[in-house]
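Listed below, chain by chain, are the residues.
2 protein chains.
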Amino acid sequence: MSDKAQIQEAIKTQGEVVRKLKTEKASKEQIDEEVAKLLELKAQLGGDEGKHQFTLKTAKGTRDYNPKQMAIREKVFNTIIGCFKRHGAETIDTPVFELKETLTGKYGEDSKLIYDLKDQGGELLSLRYDLTVPFARYLAMNKISNIKRYHIAKVYRRDNPAMTRGRYREFYQCDFDIAGQYDPMIPDAECLKIVHEILSELELGDFRIKVNDRRILDGMFAVCGVPDDKFRTICSTVDKLDKMSWEDVRSEMVKEKGLSEEAADQIGQYVSMQGGKDLAERLLQDAKMSQSKQACAGLTDMKLLFSYLELFQVTDKVVFDLSLARGLDYYTGVIYEAILTQNGPAPEAGEKGEEGVSVGSVAGGGRYDGLVGMFDPKGRKVPCVGVSIGIERVFSILEQKAEAEVMYKKNPKLLSQLQHCEDSGIPLVAILGEQELKDGVVKLRDVHSREEADVLRAELVEEIKKRIADV
Amino acid sequence: MSDKAQIQEAIKTQGEVVRKLKTEKASKEQIDEEVAKLLELKAQLGGDEGKHQFTLKTAKGTRDYNPKQMAIREKVFNTIIGCFKRHGAETIDTPVFELKETLTGKYGEDSKLIYDLKDQGGELLSLRYDLTVPFARYLAMNKISNIKRYHIAKVYRRDNPAMTRGRYREFYQCDFDIAGQYDPMIPDAECLKIVHEILSELELGDFRIKVNDRRILDGMFAVCGVPDDKFRTICSTVDKLDKMSWEDVRSEMVKEKGLSEEAADQIGQYVSMQGGKDLAERLLQDAKMSQSKQACAGLTDMKLLFSYLELFQVTDKVVFDLSLARGLDYYTGVIYEAILTQNGPAPEAGEKGEEGVSVGSVAGGGRYDGLVGMFDPKGRKVPCVGVSIGIERVFSILEQKAEAEVMYKKNPKLLSQLQHCEDSGIPLVAILGEQELKDGVVKLRDVHSREEADVLRAELVEEIKKRIADV
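Residue numbers (this note's numbering), protein chains in the order written: chain A, 1 to 471; chain B, 1 to 471.
Do not take every clue at face value.
The list makes no distinction among identical chains, and a pair is therefore deemed to hold if it is satisfied within one copy or across any two copies.
Below, a list of computed lysine to aspartate or glutamate pairs in the EDC-like style, where the Cα atoms sit at most 16 angstroms apart [stated by the list, open to error]:
1. Lys57 x Glu123
2. Lys20 x Asp32
3. Lys317 x Glu459
4. Lys100 x Asp116
5. Lys303 x Glu9
Just so you know, these hints were derived from the structure itself, not from any lab.
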């Protein structure tokens, strides 16, 4: 079969996939993804099929925002900006691209995900990968040693996109960072307070904030007998614990990375530990852990952090979790990550999100005291701590919520409303007509099966909750 | 002399340039530009001079926004967005890059200014050059034939930057466009009304909005004897009339583009014409012009446009100007451009801004009825008209204004305030002490000459106006 015939065959198959999804009323995003594949195939046929044979789509892993989506985005940003401003932050902006060398050596293995611009003469440029490195460059360039700043902007990563789960190649980060010399753990605690405030205000359902410290991790590796030169690579294996079982992680450590079984098992005991201030206190008494000065410094700070968190009344959501490692190279102290514990499509098995965190993750950050010094001509350091809210996943949750919508129409007919529910995939309709009013009931209609049942108004909330859980 | 010695020599010379500017208290922007050159030279020496020998700067033609600048930017955006919303527009957003083919064939000669991304496997991408082409792509992709939308976002052009005059390689455009079939000239008039409202609200000083029509231009070329295949190239020569004398433009037409002297002289008579509705009426009676159906259609619409502008009460600022041509290929009807007639650094002789308009230009746009059809698989057309506000120049004017600042300090000493004025280049100080209060006067101090004079309070405003005009 010729290339062209092969492509035409593939177009036919893909066309059927799209038709099937449409018949099944699959989600718009799912259909769009398959349509995009179809269009790409058609584009491969080249220009000989007519004038308009180019691909009508956005770049892979990116999307447009329509006016409805923009309204949600604006609301989310206002909530976040309001919180950042309450905490006294000013905002800055930096260009979408940086000199390539500015980004070099900051992201470890993830550097391969950086978008480079074509060399068209002049400087070599790359699209920004996060807002933290441009912030550090800005501080060094302007000799600023003290600022609270927020920055909301798009960043770019040539990652494998999974758009239905809110993972894009172009996505927003909402960053809040505190630069400057302060009493230990006060700015760190403020960052956690901010995550707590924002996730509460956005009403995304329950969440947890995991906390750890790079010094505790390094100290733990040391006392467990990990050789110095294996700290980073063992650390990135530990980072996989949120998507792999301990057995698999252990096996990677021993078989791939050549760690002794004894060391791996000792690590295994520690990384299963979760707790609060009490855990930090216990580990300070731990015969092995207390041998590491680094670990003790981290644990003492962790205790202090939790006493501030108690004052801020946010300890209900914060967990000291020794398995939290985080991917980026530049962290030097406290690290944290917030995950939603319900809501939205669950991450696929073996699925990892940006920065090597589970896609349930909606915020992350930590302390990076060495980054500004990498830019300063004299190596002058500016201690920094910050947090980044990953907003695409929040958008997709809120967009789904917005589907529970209201129909604005004069004299809407019941049938056309029911049709709208079928078209939009709304699962349940509550009907309150004259008869129902008289009887003190509400008619609940299952849109899919079209079955109806009267429910006492006192029992309505419970019944709807039950039905939705079944959907 | 070795390469290295040459560079070291250049560094020495450039270092002196920077020191001189600092001694002369030159503008921060001017100093920054020279410092950037110095840093680039130093970077050429390579890494052997120590660990931190890379260039600490933003990419050429780009800049950071500090918190003060962000505050101005936010205020300007709020004014503009407020106006766009009053006129019923919704907002959308599109990715910062598009498939390269989406931008191909839309910008004529300016295509060479497009930033391409490096081919890292997968799709070929380019940074957006404006917001109009992504908008047309969005309409075709989503089969939208009717929308009022605004979009405020950064666009990218590898142009020769002139940052002190507000010309950057990364800059904001604030676009408002109306897509859909309407009664002739109503959406076009609304766009002009919007420019009028925004420029008035921003208080940038006096302005003019020049209006013309591509059909009038083409008709004029036809009746003056320009061959069909020379319309576009003669049009781009006419477009240079805002920076070149008629003699030079005529010479380019005749000598470079091979137009007959007779045709050039006939064009010369028309392009010197400016007016309002009356001019459109006069040209409709013009023996030559009235021979072109195209010109007559354009002139009839121009008359209609002016009657709407009269209703909107904005004719005081609008001029029908036959020399306005505008660079972009995709315009099909009315075109316009707003220029500030005072304020800010004047454009250099022979200096042209983005899209080939004088850098005094702060807004431009027109009708483009064919662009969406270029994207639609079936060539289905959606008539569109829109306007783009170029905001960087507005920022630089407002940033200069913001220099007339207030000193927030407890118990400020007079001497330190005067020192601050000298340092910041503030020209005039009004001093109101106990003695002045008693005498009913205000002491005016010329910061440069340090001369002081008492002025009666009734005469103060006039006197300050006079002094500032002299500065």
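Structure-based check of each hint:
For the homomeric pair Lys57 and Glu123, the shortest alpha-carbon distance between copies (11 angstroms) is at most 16 angstroms, but the shortest distance inside one copy (30 angstroms) is not. For the homomeric pair Lys20 and Asp32, the shortest alpha-carbon distance inside one copy (13 angstroms) is at most 16 angstroms, but the shortest distance between copies (60 angstroms) is not. Taking the shortest alpha-carbon separations for Lys317 and Glu459, neither the intra-copy value of 32 angstroms nor the inter-copy value of 66 angstroms comes in at or below 16 angstroms. Proximity of Lys100 to Asp116 under the C-alpha cut-off of 16 angstroms is found in both arrangements, the shortest distances being 8 angstroms within a copy and 15 angstroms between copies.
When the C-alpha separation of Lys303 and Glu9 is checked against a cutoff of 16 angstroms, the pair qualifies neither within a copy, at 64 angstroms, nor between copies, at 57 angstroms.
The earlier numbered hints that this structure contradicts are 3, 5.
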